[in-house]
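Chemist: Using the sequences and the hints given, assemble the complete structure.
Taken in sequence, the protein lines are chains A and B. Position one of the first sequence corresponds to residue 1 (my numbering), numbered consecutively onward. Position one of the second sequence corresponds to residue 1 (my numbering), numbered consecutively onward.
Hints in this document: simulated from the structure, not taken from any laboratory. Errors might be hidden in some of the hints.
[Said to hold, decoys possible] Under the rule of at most 30 Å between Cα atoms (straight-line distance), these lysine-lysine pairs were calculated in the DSS-like manner:
(1) B:Lys49 <-> A:Lys19
(2) A:Lys36 <-> A:Lys18
(3) B:Lys68 <-> A:Lys9
(4) B:Lys49 <-> A:Lys40
(5) A:Lys41 <-> B:Lys49
(6) A:Lys18 <-> B:Lys49
(7) B:Lys68 <-> A:Lys22
(8) A:Lys22 <-> B:Lys49
(9) A:Lys9 <-> B:Lys49
(10) A:Lys18 <-> B:Lys69
(11) A:Lys36 <-> B:Lys42
(12) A:Lys40 <-> B:Lys58
(13) A:Lys53 <-> B:Lys42
(14) A:Lys9 <-> B:Lys69
(15) A:Lys38 <-> B:Lys49
(16) A:Lys41 <-> B:Lys58
(17) A:Lys40 <-> B:Lys42
(18) A:Lys22 <-> B:Lys69
(19) B:Lys42 <-> A:Lys41
(20) A:Lys38 <-> A:Lys18
(21) B:Lys42 <-> A:Lys18
(22) A:Lys22 <-> B:Lys58
(23) A:Lys38 <-> B:Lys42
(24) A:Lys9 <-> A:Lys22
(25) B:Lys49 <-> A:Lys53
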Amino acid sequence: DTEVTQTPKHLVMGMTNKKSLKCEQHMGHRAMYWYKQKAKKPPELMFVYSYEKLSINESVPSRFSPECPNSSLLNLHLHALQPEDSALYLCASSRDSGYTFGSGTRLTVV
Amino acid sequence: AQSVTQLDSHVSVSEGTPVLLRCNYSSSYSPSLFWYVQHPNKGLQLLLKYTSAATLVKGINGFEAEFKKSETSFHLTKPSAHMSDAAEYFCVVSPRSGRQLTFGSGTQLTVLP
Numbered sequence: 001d002t003e004v005t006q007t008p009k010h011l012v013m014g015m016t017n018k019k020s021l022k023c024e025q026h027m028g029h030r031a032m033y034w035y036k037q038k039a040k041k042p043p044e045l046m047f048v049y050s051y052e053k054l055s056i057n058e059s060v061p062s063r064f065s066p067e068c069p070n071s072s073l074l075n076l077h078l079h080a081l082q083p084e085d086s087a088l089y090l091c092a093s094s095r096d097s098g099y100t101f102g103s104g105t106r107l108t109v110v
Numbered sequence: 001a002q003s004v005t006q007l008d009s010h011v012s013v014s015e016g017t018p019v020l021l022r023c024n025y026s027s028s029y030s031p032s033l034f035w036y037v038q039h040p041n042k043g044l045q046l047l048l049k050y051t052s053a054a055t056l057v058k059g060i061n062g063f064e065a066e067f068k069k070s071e072t073s074f075h076l077t078k079p080s081a082h083m084s085d086a087a088e089y090f091c092v093v094s095p096r097s098g099r100q101l102t103f104g105s106g107t108q109l110t111v112l113p
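Modeler: The following block contains the structure:
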């Protein structure tokens, strides 16, 4: 298995909702990442997990809460989001210099 | 510290003509360099990567890139553009031993019939 799988592919949520994004990989990669990508822009790093521990948080608002339950799974819990949080959320994993990206979750906050 | 500059935000070519997407990097160490492609509403697909071996790197779909340390460049080329190549392309740099990716601002490639 050489893929990073993200679910759901699309998500529409209200500003008072709580939802979660899921990311899964079975390549044995020990680093996993969340990126946020706005239209016509490059991805922006949000969080890095290394060996299931949060190693980097790029000053992301607390309405985004990451979780790494095990070495294959990465979640992003969402609560009280704003319309400007609408974006493509990409998960990635890596080992040495080999990175693999998922196809993303397109999030719309209404 | 590291940075990436993609010199063109938009490139337009005719189908069957060569493609050149330019990328310059800055790094205080020996970097790894990547080109990713992103089709509309899709994730990032790796085209090719340079780590430390041959300076001419061949990737998927006929793309290749040459690492030129003296010019701090890693330009992406393809001899003959296809309609399916129309997409956003990102040049990316990272430390060879590290995990932080730094993205360029992207180049939108349009292929005209």
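Chemist: Indicate, hint by hint, whether the structure satisfies it.
Modeler: A quick look at each hint next to the structure:
Proposed proximity of B:Lys49 and A:Lys19 is contradicted: the alpha carbons are some 35 Å apart, above 30 Å. Note on A:Lys36 and A:Lys18: the hinted pairing holds, with a Cα-Cα distance of about 18 Å set against a maximum of 30 Å. Between the alpha carbons of B:Lys68 and A:Lys9 the distance comes to roughly 39 Å, so the proposed pair goes past 30 Å and is violated. Distance hint between B:Lys49 and A:Lys40 is fulfilled; the C-alpha atoms sit about 23 Å from each other, no more than 30 Å.
The hinted pair formed by A:Lys41 and B:Lys49 meets the criterion: a straight-line CA distance of about 21 Å does not exceed 30 Å. Restraint check for A:Lys18 and B:Lys49: not satisfied, since their Cα atoms lie roughly 38 Å apart, outside the 30 Å limit. Under the criterion of a C-alpha separation no larger than 30 Å, the hint pairing B:Lys68 with A:Lys22 is inconsistent with the structure, at around 39 Å. Distance hint between A:Lys22 and B:Lys49 is fulfilled; the C-alpha atoms sit about 27 Å from each other, no more than 30 Å.
Distance hint between A:Lys9 and B:Lys49 is fulfilled; the C-alpha atoms sit about 27 Å from each other, no more than 30 Å. For the hint pairing A:Lys18 with B:Lys69, the CA-to-CA distance comes to about 48 Å; that exceeds 30 Å, so the pair is violated. Distance hint between A:Lys36 and B:Lys42 is fulfilled; the C-alpha atoms sit about 13 Å from each other, no more than 30 Å. Annotation: proposed proximity of A:Lys40 to B:Lys58 holds, straight-line Cα distance about 27 Å (limit 30 Å).
In summary, the hint linking A:Lys53 to B:Lys42 is supported, as the alpha carbons are separated by about 28 Å, within the 30 Å threshold. Proposed proximity of A:Lys9 and B:Lys69 is contradicted: the alpha carbons are some 40 Å apart, above 30 Å. Restraint check: the Cα-Cα separation between A:Lys38 and B:Lys49 comes to about 24 Å, which is no more than 30 Å; the hinted pair holds. Between A:Lys41 and B:Lys58 the alpha-carbon distance is near 26 Å, which keeps this suggested pair within the 30 Å criterion.
Between the alpha carbons of A:Lys40 and B:Lys42 the distance comes to roughly 12 Å, so the proposed pair stays at or under 30 Å and holds. Note on A:Lys22 and B:Lys69: the hinted pairing is violated, with a Cα-Cα distance of about 39 Å set against a maximum of 30 Å. Distance check on the hinted pair: B:Lys42 and A:Lys41 sit about 13 Å apart at the alpha-carbon level, within 30 Å; holds. Of the supplied pair hints, the one linking A:Lys38 and A:Lys18 holds, its CA atoms being roughly 21 Å apart against a limit of 30 Å.
For a cut-off of 30 Å, the pair hint linking B:Lys42 to A:Lys18 stands: about 25 Å separates their Cα positions. At most 30 Å may separate the alpha-carbon atoms for a hinted pair to count; A:Lys22 and B:Lys58 exceed this at roughly 33 Å. Simply put, A:Lys38 and B:Lys42 have alpha-carbon atoms about 13 Å apart, close enough for the 30 Å limit, and the pair holds. For a cut-off of 30 Å, the pair hint linking A:Lys9 to A:Lys22 stands: about 10 Å separates their Cα positions.
Between B:Lys49 and A:Lys53 the CA atoms are separated by roughly 27 Å; this keeps the pair inside 30 Å, and the hint holds.
This entry does not satisfy hints 1, 3, 6, 7, 10, 14, 18 and 22, going by the numbered hints stated previously.
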